[in-house]
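Undergrad: Below, each chain spelled out in residue letters.
2 protein chains.
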Amino acid sequence: MDTEEFRLYGKQMVDFMADYMHNIRNHRVLPQISPGYVRDLVPEQAPEEGEPWEEVFKDIQRVVLPGVVHWNSPRFHSYFPAGNSFPAICAEMLSGVFCNIGFSWSASPASTDLEMVMLDWLGKMVQLPQEFLFSSNGPGGGVVQSSASESTLMALLSAREKAISYVQSIKKDLSQGIILEKMVYYSSIEAHCSVEKAGLLSGLTCRLLPTDAAFSLQGDILQAAIDEDRTQGKIPFFVVGTLGTTNSCAFDNIEKLGEVCKKENLWFHIDAAYAGAAFICPEFRYLLNGVEHWGIPCGRKFRSLKMWFVFRLFGVRGLQTYIRKHVRLAHEFENLARNDNRFEVLFPVVLGVVCFRLKGSEVQNEEMLRVINKRGKIALKSSRMRSHNLYFIRFVVCGKDTESEDIVFSWREISLAANNVLNPKVVGDKSETF
Amino acid sequence: MDTEEFRLYGKQMVDFMADYMHNIRNHRVLPQISPGYVRDLVPEQAPEEGEPWEEVFKDIQRVVLPGVVHWNSPRFHSYFPAGNSFPAICAEMLSGVFCNIGFSWSASPASTDLEMVMLDWLGKMVQLPQEFLFSSNGPGGGVVQSSASESTLMALLSAREKAISYVQSIKKDLSQGIILEKMVYYSSIEAHCSVEKAGLLSGLTCRLLPTDAAFSLQGDILQAAIDEDRTQGKIPFFVVGTLGTTNSCAFDNIEKLGEVCKKENLWFHIDAAYAGAAFICPEFRYLLNGVEHWGIPCGRKFRSLKMWFVFRLFGVRGLQTYIRKHVRLAHEFENLARNDNRFEVLFPVVLGVVCFRLKGSEVQNEEMLRVINKRGKIALKSSRMRSHNLYFIRFVVCGKDTESEDIVFSWREISLAANNVLNPKVVGDKSETF
Chain A
6 MDTEEFRLYG
16 KQMVDFMADY
26 MHNIRNHRVL
36 PQISPGYVRD
46 LVPEQAPEEG
56 EPWEEVFKDI
66 QRVVLPGVVH
76 WNSPRFHSYF
86 PAGNSFPAIC
96 AEMLSGVFCN
106 IGFSWSASPA
116 STDLEMVMLD
126 WLGKMVQLPQ
136 EFLFSSNGPG
146 GGVVQSSASE
156 STLMALLSAR
166 EKAISYVQSI
176 KKDLSQGIIL
186 EKMVYYSSIE
196 AHCSVEKAGL
206 LSGLTCRLLP
216 TDAAFSLQGD
226 ILQAAIDEDR
236 TQGKIPFFVV
246 GTLGTTNSCA
256 FDNIEKLGEV
266 CKKENLWFHI
276 DAAYAGAAFI
286 CPEFRYLLNG
296 VEHWGIPCGR
306 KFRSLKMWFV
316 FRLFGVRGLQ
326 TYIRKHVRLA
336 HEFENLARND
346 NRFEVLFPVV
356 LGVVCFRLKG
366 SEVQNEEMLR
376 VINKRGKIAL
386 KSSRMRSHNL
396 YFIRFVVCGK
406 DTESEDIVFS
416 WREISLAANN
426 VLNPKVVGDK
436 SETF
Chain B
6 MDTEEFRLYG
16 KQMVDFMADY
26 MHNIRNHRVL
36 PQISPGYVRD
46 LVPEQAPEEG
56 EPWEEVFKDI
66 QRVVLPGVVH
76 WNSPRFHSYF
86 PAGNSFPAIC
96 AEMLSGVFCN
106 IGFSWSASPA
116 STDLEMVMLD
126 WLGKMVQLPQ
136 EFLFSSNGPG
146 GGVVQSSASE
156 STLMALLSAR
166 EKAISYVQSI
176 KKDLSQGIIL
186 EKMVYYSSIE
196 AHCSVEKAGL
206 LSGLTCRLLP
216 TDAAFSLQGD
226 ILQAAIDEDR
236 TQGKIPFFVV
246 GTLGTTNSCA
256 FDNIEKLGEV
266 CKKENLWFHI
276 DAAYAGAAFI
286 CPEFRYLLNG
296 VEHWGIPCGR
306 KFRSLKMWFV
316 FRLFGVRGLQ
326 TYIRKHVRLA
336 HEFENLARND
346 NRFEVLFPVV
356 LGVVCFRLKG
366 SEVQNEEMLR
376 VINKRGKIAL
386 KSSRMRSHNL
396 YFIRFVVCGK
406 DTESEDIVFS
416 WREISLAANN
426 VLNPKVVGDK
436 SETF
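The listed protein sequences derive, respectively, from chains A and B. What the first sequence shows, in the numbering used here, is residues 6 to 439, in sequence order. What the second sequence shows, in the numbering used here, is residues 6 to 439, in sequence order.
Derived from the structure by calculation, the hints contain no laboratory data. Bear in mind that the values here come from a model prediction, so they are computed numbers and not experimental data. Some hints here could point you the wrong way.
[Claimed, not checked] Cut-off 20 Å, straight-line C-alpha distance, at most; resulting in silico cross-link-like pairs (SDA-like, lysine to any residue):
1) B/K176 with A/E186
2) A/K16 with B/Y25
3) A/K268 with A/E186
4) B/K16 with A/F62
5) B/K187 with A/I184
6) B/K330 with A/L162
7) A/K239 with B/I184
8) B/K129 with A/D45
9) B/K202 with A/L162
10) B/K379 with B/R417
11) A/K129 with A/A112
12) A/K202 with B/K187
13) B/K187 with B/C211
14) A/K382 with B/S111
15) A/K261 with A/G238
16) B/K167 with A/E186
17) B/K202 with A/I169
18) B/K16 with A/H27
Taking the hints into account, I'd like the entire structure generated from these sequences.
TA: Right, here's the structure in full:
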């Protein structure tokens, strides 16, 4: 593919992308294929000679689309929002052609430099204290990691090295292996599984602590655990607080946890993978209260172009509008669910996640979810609180183009599935089934 | 940015990308800016209102380009090839619009399924034994990691867990901390620094072994180290062999190392970050001999579209041609260096890396490199063999469009810089300086 061919095919791809997004409501959200489906559709080995573009392009329709989960669909309410947008796509195209590999400043000055400024922009948007910013000229400054899991792991590893150095400086007879065995870190039992996984990867012990009735980890619970562990000769060194848990979008008590960490000299890492974006809206910023006077790990990757395009083309107001629309739509769904007495909404709806269930057995809820996802017109995911063993369904507003009509559409899917499961033969409006 | 705007701006971006690649020889390869340059060119915070596309697009020229290292330039001979291509860019555009997050099969069946098939294609292209392939229906199968560093870390962590389980099954009194302290893994002293770093991240001890005169790690050296460590009660569990070291593109003796690993029951990981691609050419495949009967770690990411587009649009023959051209150009450079008696070429040129130096002091070589990179018309990087403390310069053929004329151009830059450094006043053709 030479430059002029790319000019042609690249634009053909842009048209495909635009058409795809324009017509996204025409797709089933969930595909109807079985594992291994691609193997039946493509040759067993790479072609010896290059194929024409047209053949490859055609196969997007034939091979790829049948297996795509449409994360961009306004009716995708599963997992979490992918946060895609046209400005982000344009930035990634540009980043793709530069293909800069930013493992050091000199290998890609533009990406590192822009990243530093963009992280400061972001820090200011969520009103982080000044000392968290590069512009404070202190140790502050942020870095983009590939994922929340990686962020937690990096913070844990950094805290581990710091803690080992500290312990070895005061107890010179302890070997590193013994220290590692004694080290313990904490998070809520409702934290994302990546918090525990980071411990498995790095050989460290994670202690999951119980939450209060709102699934929020409180300072006194943390303090008691630390006291108990210190009595037993263990070495507490790290705490993960979560803002917006994956299950139910619950918020740990960051202010109190922070006080304990400060007093006990523990590294405090905050995982705000889902809720973080909402802190650019002043009305949600209070959820972040307590973020003061702690370090952030170092390192660098190339994502700054994407942030730059998104921040500028939306503007802070545009991003706030985006977040607020998602929250408003979540409340619309919440109202629909609350007004149907067959359902219950389980937790306060703060951002874009509504946790609900049929007032019925777990089996009935599972069956309802199975019916919905098998139809595949909308996508939903179940969840379970680890502390209460309570099965429920998460409805997440994900799509960038989700509108009230999609919420109504999705609710109708759920309502009909409930008819199917609860009683296919009742009279009236709710008697309709699939 | 709505769909129709994206149709317009996306195509504008495609034109920018095509123009950039078409005119890439007009750019200095290395930028002339200082750390922090972006901060002076952009506002201190994100705009409150969204900006028009035109403003953002203009700033690519004003803000980004001045800080870009042109990794795509035919005269970029630093680090390693980024391996960019138009088919790869088209695939990333498509991947960008789907925005599928493939943490499980059901979250993105197309990407997982296609990745399994693409890894088999790749395995067949480099003639891996059948049992390494998914299609063998055994434990075989590959996975794309984000980087070679991550691959090594994942393999190390997997081997660690396996080894701990094994040791605990036969010595029930040993705690995990004690076992971890005793565990040791091996690589050549010339291996990439990520091999040692993986040990730092995972809390494991790495022992770097000496190489022979060709910077190749041999089986008897490994065997002796294992014997010595076992005598001292240590637990050998993992070996990293390198095919194409970063420094000098040296090749460890995989066959002999493999025999030792098999005999000693150690996990054998092969890092072929640079040289791996060349194994699709039959004439270089012998370098991989010895890859037989060992495991590969599991996990999944989404890169398969890119592989699919690249494999199909180039074809195996196209990719072979690409690799062979790079190797041919490296030999062209080697000949130019060998025919100038002011220079020496240090190691056999096997693939696309030529290690050379001025016959002179380290200071003179450093000065020559400084002059070249300050002019920025080509990009070169120095290196140093850890075992010999020998300073030299790496010339790597990187650009997808590098031609003989670029090799001649680059050689002239180097030759003139040598004039500058060695003796600016000699007569004849070589007297020319910058």
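Undergrad: For each hint, tell me whether it holds in the structure or not.
TA: Comparing the hints with the structure gives:
1. B/K176 with A/E186: Given pair B/K176, A/E186 holds - Cα atoms ~18 Å apart, limit 20 Å.
2. A/K16 with B/Y25: Within the cut-off at roughly 16 Å; holds.
3. A/K268 with A/E186: violated (23 Å)
4. B/K16 with A/F62: With a Cα-Cα distance of about 17 Å, the restraint between B/K16 and A/F62 holds, given a limit of 20 Å.
5. B/K187 with A/I184: holds (14 Å)
6. B/K330 with A/L162: The given pair, whose Cα atoms are some 43 Å apart, is violated under the 20 Å limit.
7. A/K239 with B/I184: holds (19 Å)
8. B/K129 with A/D45: Cα-Cα ~17 Å, so holds.
9. B/K202 with A/L162: holds (12 Å)
10. B/K379 with B/R417: This hinted pair holds, its Cα atoms lying about 15 Å apart.
11. A/K129 with A/A112: Cα-Cα ~28 Å, so violated.
12. A/K202 with B/K187: Distance ~23 Å between A/K202 and B/K187 Cα, so the pair is violated.
13. B/K187 with B/C211: Status holds; Cα separation ~11 Å.
14. A/K382 with B/S111: holds (15 Å)
15. A/K261 with A/G238: violated (24 Å)
16. B/K167 with A/E186: holds (18 Å)
17. B/K202 with A/I169: holds (17 Å)
18. B/K16 with A/H27: holds (17 Å)
Hint compliance for this structure: hints 3, 6, 11, 12 and 15 are not met, and every other hint is.
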